[in-house]
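**Student:** Protein chains in written order, with UniProt numbering: chain W, 1 to 222; chain Z, 1 to 222.
Please note: incorrect hints may appear among the correct ones.
What follows is a set of in silico ranges between Cβ atoms, one per label pair, in the way DEER data are often shown [stated by the list, open to error]: (1) W/L15 <-> Z/R208: 53 to 61 Å; (2) W/E62 <-> Z/E62: 25 to 33 Å; (3) Z/S149 <-> W/R69: 40 to 48 Å; (4) W/R142 <-> Z/E35: 46 to 54 Å; (5) W/A16 <-> Z/T151: 54 to 62 Å; (6) W/V128 <-> Z/D131: 26 to 34 Å; (7) W/A205 <-> Z/P56: 45 to 53 Å; (8) W/R222 <-> Z/E203: 26 to 34 Å.
Calculated directly from the structure, the hints in this document are not laboratory data. It should be emphasised that the depicted structure is a prediction, and the values quoted were computed from it without experimental measurement. The beta carbon of each residue, even a glycine, is placed where N, CA and C say it ideally should be.
Number of protein chains: 2
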Amino acid sequence: MTAVLVIEDDDRIRLALLLALEEEGYTVRGAATAEEGLRSQRVEPADNVLVDLMLPGIDGFECIRQLRRDDDVPIVVISARDDTHDIVAALEAGADDYVVKPVAVKELSARLRALRRRGRAAVAAVQVFGDLEISADAGEVRLGGQLLSLTRTEFRLLCELADHAGKVLSRQQLLQRVWGYQTGDERLVDVHVGRLRQKIETEPANPRHLVTLRGLGYKLQR
Amino acid sequence: MTAVLVIEDDDRIRLALLLALEEEGYTVRGAATAEEGLRSQRVEPADNVLVDLMLPGIDGFECIRQLRRDDDVPIVVISARDDTHDIVAALEAGADDYVVKPVAVKELSARLRALRRRGRAAVAAVQVFGDLEISADAGEVRLGGQLLSLTRTEFRLLCELADHAGKVLSRQQLLQRVWGYQTGDERLVDVHVGRLRQKIETEPANPRHLVTLRGLGYKLQR
DNA sequence: GGGCGTATGACAGTTGGGTGACAAAAGTGT
DNA sequence: ACACTTTTGTCACCCAACTGTCATACGCCC
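Please take these sequences and the hints and turn them into a complete structure.
**Tutor:** Here it is, written out as structure tokens:
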């Protein structure tokens, strides 16, 4: 069962949303202010949070920031008008998606589903690949619980690959994203991948996570 | 003949893209600003539009919105880094797909084709042909859930066929699209189709997916 | 059955990628 | 500023995997 928290000050809209979401099969709870919403989320975290941007007291942006500080819950913004500035700012504050009022519940529901499916995994605090754990924020990587010491380049490379878990990244793409080179010797990537493998693979000769796709590039998989 | 409009402010990138697309058989036109691009599209609409997100003056998002207002043309976003926010925002603004720089022209071309065929529906990550699953992003192909290991050529060949599911492709066309050869020995295609069949068909002798049309070419079917 | 188009196995040349060595560069502490 | 350590990028070499060609075998269609 999926729980949704709706933070919205307008009673009518909040109630309408809660009823509609309940109808869709969600467990719902509501909050009329950011403070109330944050408290609610701290006490009993929901799986999705909907936040109106225009709130009395602590506003929506700050609310998003605080929610995001504690938690990786998917946040969907409800915005009054579709003002690009507001939306960009909200996404920058850490929101994952937004809908514009008046809210079509079917659409909202679809987005919640999509968000949950897509998951915030890509930007989650700790990414897990079997016995490999990467916590980008803390700058730590563990293999079977054992803390590894990676160089900066290795770490960036790993993060880049982890951010695209399961997708192939070409040497070209890695050169650009990790090194910022527009052009350069692709063999550089090979060497660093090799070094990274020595550290993150229990058996570097046949890697289980950081795999090569001949002619395509590299991929990090679970 | 398919016309593509590229709206990108960086001269080098724009020119490179235009040349590459021309090479692929598209009619191309370029624009360095959103204004110029919008005007061009109004005067002489292209069949696909590529838009960079970072543009001087009117930015990419606004440009997409305005393009979408007048027209149903498929829009592909070119984004510098793959920042989830940017991409979500671009898709919200009305883009249909996106590619991340540095752009692999083959990939781009495939997406354009796919977009045109599917007509503005998002490009599926995984294509399914009965018990055969192709995930281009992950560089993975599965037969009955079992992961196959294809060579680069086999993979490209398969993708090319999959992008034209159900349509016959002549050896000539395949030579050109997969190998980039303007001319060459068509037997080469046979050999690789054969090798591919050994891997993707449960019964290579009478193929169910990758079928030969005597005198015409090959076809991948569901 | 004959002829043409297609499948396939073998082979040699080529390519792509892993790796260790090394020098330059960056970082660190005194 | 200096000496020392760590990290980074380049290079050369090697091997496994892949590619393209060819010869031969097969099978469809008239």
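**Student:** Could you run down the list of hints and mark each one as holding or not?
**Tutor:** Cross-check of the supplied hints:
1. Checked against the given bound of 53 to 61 Å, the beta carbons of W/L15 and Z/R208, roughly 55 Å apart, stay inside it.
2. The supplied range of 25 to 33 Å is met by W/E62 and Z/E62, whose beta-carbon atoms lie about 27 Å from each other.
3. In this structure, Z/S149 and W/R69 meet the distance hint of 40 to 48 Å, their C-beta atoms being roughly 44 Å apart.
4. For the pair W/R142 and Z/E35, the supplied restraint of 46 to 54 Å holds, since their beta-carbon distance comes to about 51 Å.
5. Separated by about 57 Å at the C-beta atoms, W/A16 and Z/T151 satisfy the suggested range of 54 to 62 Å.
6. Here the CB-CB span from W/V128 to Z/D131 is close to 30 Å, well matched to the stated 26 to 34 Å.
7. At roughly 50 Å, the beta carbons of W/A205 and Z/P56 sit within the given window of 45 to 53 Å.
8. A C-beta distance of roughly 32 Å is found between W/R222 and Z/E203, which places it inside the suggested range of 26 to 34 Å.
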